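K.L.:
Two chains, two frames, a set of hints: combine them into the complex.
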Amino acid sequence: MQETTISPRIVEIRQNVLKKNDLLARDLRKRFQETGVYVVNLVSSPGAGKTTLLTELLSRLGKRHKAAALVGDLATENDAERLRQSGAKVRQIITGTVCHLEADMIERTLEGWDLNEIDFLFIENVGNLVCPASYDLGENQRVVLFSVTEGEDKPVKYPTIVNSADLAIITKIDLAEAVEFQRERFYEALNDVRSGIPVLEVSVRTGEGIDEWITRLEADREAFEKATGSL
Amino acid sequence: MHELSIAHSLVELAVEAAENSGIRRVQALYMKLGVLSGVVKEALEFSFDVVIEGTPLEGARLVIEDVPVKIFCPNCREARVLPEPFPMRCPLCGTKTGQVIEGREMELYALEGGEEDAGDDN
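These protein sequence lines are chains A and B, in that order.
Residue numbering for the first sequence follows the UniProt record's numbering, starting at 1 and increasing by one per position.
Residue numbering for the second sequence follows the UniProt record's numbering, starting at 1 and increasing by one per position.
For reference, chain B alone in the conformation it holds in the complex (with noise of 0.2 Å):
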């Protein structure tokens, strides 16, 4: 299981783009997964909640968006859509391809939270 160490670097990550973008509390944290990332939704869900413990981001929501796999068909000439990761064939023509523009994202695109408290004018 690799989820853990991907777990810390997303905590890490997120930790580092919140400083940056001046949130004090990140409440959530979006995120892409390609279905050809090769991590496991749950596994990741698990390993998050047990990484952020004692950290700038302990209460935060995790929150998947699962990326299906996209190919471009040589044959058609067209990106499509897989409605399974496999076969990578063209789910028009059945042209075979290897050529895969997405599904294999493991992005954090976006955070989710504000400056704290008080003291803020805002």
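Next comes chain A alone, as it looks inside the complex (with noise of 0.2 Å):
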């Protein structure tokens, strides 16, 4: 008898590594068209202001629309409770050492609430530039936030997730002058890696650019119904 044989061979298998986590994130999509929840990813670093942005955010969208809110962390409650006071409906996602939000994460929390009552669902990822952009969470659009305190070069340190966004944030920009922020640096920065990507600036102090997020959110939903016949 010979020796223990292997016939080697070599099999394509051609498949996305987060193909579950992607099927997932199509299910979560077409559930969420269906009802008519438009759908939008925040992503920043820690200290940003997405929690700050998205309290202000939602206590002024939530007097013409349904909106609610998801946020990862990876402990405690206290953002989850910090968006409450907008009065919009809100659960944490507590992650406990992943640093980013999964599909299957945004399925579970959402066991129980009728997506039929809402028309925009936020979700507040983990505050990290790096992993929450390998992973679709069925989100019509991804909004990166920069504050202008983390200098003018960080969209090309962190290219992958300004990459994947529709819509880049610029917080805290009543610190812009304080802080010598270089505005067209940063301009430069992201477009060397997301040419024509839409900018907001805003500042929750003064209330720049909160009613102009707005309205931008609600023609993105209204474009989006339209295009997909959904509602």
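Be careful, since some hints might not be right.
Facing chain A, a subset of chain B residues (Cβ under 7 Å, in silico) [as the list claims (entries may be wrong)]: (1) Val-15; (2) Ala-17; (3) Ile-101.
List time: in silico EDC-like cross-link candidates among lysine to aspartate or glutamate, alpha-carbon distance up to 20 Å [said to hold, decoys possible]: (4) Lys-20/A to Glu-42/B; (5) Lys-19/A to Glu-105/B; (6) Lys-32/B to Asp-22/A; (7) Lys-96/B to Glu-112/B.
Output of the computed footprint for chain A on chain B, the stretches with three or more beta carbons under 8 Å from beta carbons of chain A [claimed, not checked]: (8) 32 to 44; (9) 87 to 98.
Derived by calculation from the structure, the hints in this document are not laboratory data.
Note that the structure is predicted; figures quoted are calculated from it, not measured.
All C-beta atoms, glycine included, are put in the ideal place defined by N, C-alpha and C.
P.N.:
This is the structure in structure tokens:
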């Protein structure tokens, strides 16, 4: 008898490593579309001001639409509590050691919510500009936030997330002068990785840019509904 | 670091693919990794070695092929490979573009292995 034989062969697989997540995200997207939920995935570094901005946005948006939010953090319910001050429906996702949200976490957390009762769903991702880039959550758009205090070259340091984003928001714009934020350099960096990306400059303190964002979101949602015939 | 989660998904996918294609012992996994995938190759290799322990993939090699960024230049109306991931400009005419054709891959594209051993007739 011959010694142990292995007849080596190569089999083509050609599958995305995150296939499971992507399939789940596709199902979620379909559910959102069928129930008329427009979904926005917010990503930024820790401290860029996502929660503060989102609380303000939800308060204003909540006057005209039914808005809800899911917020991901490694620990604590603090952000959910802050967001609840806006009056919106909010649920916290505690990820433990995981530095991003995955589609199955979204699916699980939505359990029990009637999606027909929601017009806009905001997903505040874990504060991190690297890991969230790889995971589709079934969102309609991805928004990347940078604050003026983070430095002008941040977009080129995190090209993957910027490249997959549909809108960039510069937060704490009221501090631009104080921190000598160089607008042109920032815009150049942004355009180096995502040419033509729309940008909004906002400040929760002065209210600048927030109504503009709402107008934009309403238009995006309307355009999406028209394109897909949902609702 | 999300490479550990990705390594888990990779192993899960490979085990399933091996079963489907009748490979009893996987010797190598071939993977394409885009420069814009957001995955650090070294971290993934490290995670892979940790994750395969005690699984049917134990002992398998991970072979990673880097995929550079390929963009579509709206001016030349051609696809072009970038020497560096950014700036995202056409290397020929300098036009800026955000249209990425390749470079985001995170794909298991082949498995190498065999039907182990004696009893098998081939």
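K.L.:
Hinted pair, alpha-carbon criterion (20 Å max): Lys-20/A, Glu-42/B. Please report holds or violated.
P.N.:
violated, 23 Å
K.L.:
Let me know if the C-beta of Ala-17/B comes in closer than 7 Å to any C-beta of chain A, holds or violated.
P.N.:
holds, 5 Å
K.L.:
Examine the segment 87 to 98 of chain B for residues whose CB is less than 8 Å from any CB of chain A, and state whether their number is three or more.
P.N.:
holds (count 6)
K.L.:
How does the segment 32 to 44 of chain B fare against chain A when you require at least three residues with a CB closer than 8 Å, holds or violated?
P.N.:
holds (count 4)
K.L.:
Given Val-15/B as an interface hint, is its Cβ closer than 7 Å to any Cβ of chain A?
P.N.:
violated, 12 Å
K.L.:
Are the Cα positions of Lys-19/A and Glu-105/B separated by 20 Å at most?
P.N.:
holds, 12 Å
K.L.:
Given the hint that Lys-32/B pairs with Asp-22/A, does the C-alpha gap stay at or below 20 Å?
P.N.:
Status holds; Cα separation ~17 Å.
K.L.:
Taking the closest Cβ pair, is Ile-101/B under 7 Å from chain A?
P.N.:
violated, 12 Å
K.L.:
Run the distance test for Lys-96/B versus Glu-112/B: straight-line Cα separation, threshold 20 Å.
P.N.:
violated, 40 Å
Violated hints, listed in ascending order, are 1, 3, 4, 7; each of the other numbered hints is respected by the structure.
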